[in-house]
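Chains S and Y, in that order, give the protein sequences.
When you number the first sequence by my numbering, it's gap-free, plus one each residue, and the end is 721.
When you number the second sequence by my numbering, it's gap-free, plus one each residue, and the end is 319.
Note that these hints are calculated values from the structure, not bench results.
Glycine is no exception: its CB is placed at the ideal position from the N, C-alpha and C atoms.
Treat each hint with caution, since some may be false.
[Said to hold, decoys possible] Listed below are several chain S residues computed to face chain Y (Cβ distance under 7 Å; list not exhaustive):
#1 Thr430
#2 Gly431
#3 Tyr432
#4 Met433
#5 Leu452
#6 Tyr460
#7 Pro462
#8 Asn464
#9 Ala466
#10 Asp470
#11 Phe479
#12 Gln482
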Amino acid sequence: MIKARGLTKYYGRRLAIDHLTFEAHKGEIVGFLGPNGAGKTTTMRILTGYMPPSDGDAWVAGYHVVDESLEVRRRVGYLPENVALYDDMTVWDYLRFMGQLRQVPDLDERIAEVLERVNLLERSESFIGSLSRGMRQRVGLAQAILHRPEVLILDEPTMGLDPAQRVEVRDLIREIGQEHTVMLSTHILSEAQELCDRVLIINEGRILAEDTPEELELRLRGAQRVRLQVSGPASAAELQARLAALPGVLQVQAADAQHLEVELAPDAGRDLRPVLARAVLDAGYDLHEMCTVSLSLEDIFLQLIREEGASDQEAAAAEPSATTEAASSHPASEADEEA
Amino acid sequence: MRTVWIIARREFRRYFTSPVGYLVLFLYLFILGLIVNNSLQQAYAFSVFQGAPPPGADIVIGPMLTLLVFSIPALTMRLLAEEQASGTLELLLTAPVRDWELVVGKWLGAFLFVVVLLALTLIYPLALHLLTEPGLDWGPVISGYLGLLLVSAALLALGVAVSALFRSQVAAFVVTLALFLFLWMISSLASAGSPSEGVLRYLDFGHHFYTSFFRGVIDLQGVVYYLSVTAFGLFVGTVIIESRRWRG
Chain S
383 MIKARGLTKY
393 YGRRLAIDHL
403 TFEAHKGEIV
413 GFLGPNGAGK
423 TTTMRILTGY
433 MPPSDGDAWV
443 AGYHVVDESL
453 EVRRRVGYLP
463 ENVALYDDMT
473 VWDYLRFMGQ
483 LRQVPDLDER
493 IAEVLERVNL
503 LERSESFIGS
513 LSRGMRQRVG
523 LAQAILHRPE
533 VLILDEPTMG
543 LDPAQRVEVR
553 DLIREIGQEH
563 TVMLSTHILS
573 EAQELCDRVL
583 IINEGRILAE
593 DTPEELELRL
603 RGAQRVRLQV
613 SGPASAAELQ
623 ARLAALPGVL
633 QVQAADAQHL
643 EVELAPDAGR
653 DLRPVLARAV
663 LDAGYDLHEM
673 CTVSLSLEDI
683 FLQLIREEGA
693 SDQEAAAAEP
703 SATTEAASSH
713 PASEADEEA
Chain Y
72 MRTVWIIARR
82 EFRRYFTSPV
92 GYLVLFLYLF
102 ILGLIVNNSL
112 QQAYAFSVFQ
122 GAPPPGADIV
132 IGPMLTLLVF
142 SIPALTMRLL
152 AEEQASGTLE
162 LLLTAPVRDW
172 ELVVGKWLGA
182 FLFVVVLLAL
192 TLIYPLALHL
202 LTEPGLDWGP
212 VISGYLGLLL
222 VSAALLALGV
232 AVSALFRSQV
242 AAFVVTLALF
252 LFLWMISSLA
262 SAGSPSEGVL
272 RYLDFGHHFY
282 TSFFRGVIDL
292 QGVVYYLSVT
302 AFGLFVGTVI
312 IESRRWRG
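Taking the hints into account, I'd like the entire structure generated from these sequences.
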């Protein structure tokens, strides 16, 4: 459904995306995961026929995005990042306008159907300017699915929504994804994990990893860290050595005199935290606190970049923004969702 | 063409859901009314005291071109600038709409509005017809209005092209007005008898109007001039939109 080969885009001299190659198959929800400025929007704008790439090729629904742009645009539904809509039109009139441009048959019935689906039927006569952010997002989605597109491209579909609206929009996307090929971008890890069949991690215009969410999660688990607060007879350094000797422990770092960070092997096969606790007590130390340090999206990027950039040990030390979360198996905290 | 019509119709309607449309209509008719009223009073005095012939349609049509020069920038300024500033252009350009269809549609919507505006001003020639004896010579009225339609088409096309250049409506307005005034004054830049005089006079859009249409003559050279300026404006507008895609 979507095929990109060596997609490259320069803005002037700035390289926005660098030889992206990926595919999305029919009925698949593919997530583009990356920080702001990674090149997600640029890629999507190329796929929707909004602008041509500087180099490389892409096909959507079998049509070339530059040579057969009009055919591509007929088959793509697009929700741009900022959902720019005409504020001075009513929801109904706006959808009529877009539907006419796209030559949707039985337009009025279809608009009613779509509005029902996005749960906006009772607001169809409201001016778009008077709608809340979440409702605007739903109008944007309605516009994107109005012409029954084969491919749906959604740029940050849940950005700026409150948690309830976010759940609503995610449900809607999941539902739509059963019939359409969906490509969505997000900088929220949990969203990608929840929605997507496959995730492309993109940073600085390059794809760093391509995984199913399960594998991605495994990768995260593999980096599980536990933070300990201890006090005891000697310096934490001695304890550090003892803990490092335990089976299943990969690395122990002392943050300061009281805090240690322990990295656990992913394939230990059991929960190592009780073992850690016992080891601390056996060594004659007091254990004040133990919590799992969950990796934020930034950490994963750092990790992936580190893997890519080979053995750069410095980066391991620069682990500033790890958010702590009371021992929970949830790999990503909701706290890093919105910036 | 279907797409052009869909865009034109929406644009036309928007003039009636926004203050700009009403403001232009009101000011145009009001100022024209003041001028016509003033001219009528003068003409009345002349005819009573000096036996001058009753006034013709020129007292209406003469000031109309001037008023268009100032009104059209207000009508075209937002056409594409607003779409770019608000980001709605992205959705239009990812719909199956060709760039020229968008530009022509925007232009046509504005042109239809000017047709309505000009139709409303027909009250003045009608009133003149009823007020004077033996009534109005309709020839110059017809050629004058045809000329005004042609001038409007050309100016609107230039306005659309300028609007495609900017994200700010104010900038689009100022530049459009400046461009119109330049094209209006251009023939006065030439010194009489110089070789450039002919060229500059040809480029002057007022010149074509006042020497023919205004006097009741439908001049083919003028028709060609206005239609080519229209085509040029629409072409440039399309190229600008196209280049937006490349620049991203």
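**Message:** Next item in the hint list is Leu452/S. Is there a CB on chain Y closer than 7 Å to its CB?
**Reply:** Holds - the Cβ of Leu452/S comes within 7 Å of chain Y, reaching about 5 Å at its closest.
**Prompt:** With 7 Å as the cut and Cβ atoms as the points, is Phe479/S at the interface with chain Y?
**Reply:** With a closest approach of 6 Å, the Phe479/S hint holds.
**Prompt:** Taking the closest Cβ pair, is Tyr460/S under 7 Å from chain Y?
**Reply:** holds, 5 Å
**Request:** Using 7 Å as the Cβ threshold, decide whether Gly431/S counts as touching chain Y.
**Result:** Given a least distance of 6 Å, the restraint on Gly431/S holds.
**Asked** Can we keep the Asn464/S interface hint, with Cβ of chain Y closer than 7 Å?
**Response** Holds, about 5 Å.
**Request:** Report holds or violated for the interface hint on Pro462/S, using the least CB-CB distance to chain Y and a cut-off of 7 Å.
**Result:** holds, 5 Å
**Message:** Given a cut of 7 Å on the nearest C-beta pair, is the interface hint for Tyr432/S held or broken against chain Y?
**Reply:** holds, 5 Å
**Message:** Holds or violated: the hint that Met433/S contacts chain Y, with Cβ atoms closer than 7 Å.
**Reply:** Hint holds; Met433/S Cβ to chain Y Cβ min 5 Å, cut 7 Å.
**Asked** At a threshold of 7 Å, is the proposed contact between Ala466/S and chain Y supported by beta-carbon distances?
**Response** holds, 3 Å
**Asked** Is the interface hint for Asp470/S satisfied, with its Cβ closer than 7 Å to some Cβ of chain Y?
**Response** Hint holds; Asp470/S Cβ to chain Y Cβ min 6 Å, cut 7 Å.
**Request:** Classify the hint on Gln482/S as holds or violated, based on whether any CB of chain Y lies nearer than 7 Å to its CB.
**Result:** holds, 5 Å
**Message:** Holds or violated: the hint that Thr430/S contacts chain Y, with Cβ atoms closer than 7 Å.
**Reply:** holds, 4 Å
The earlier numbered hints are all upheld by this structure, with none contradicted.
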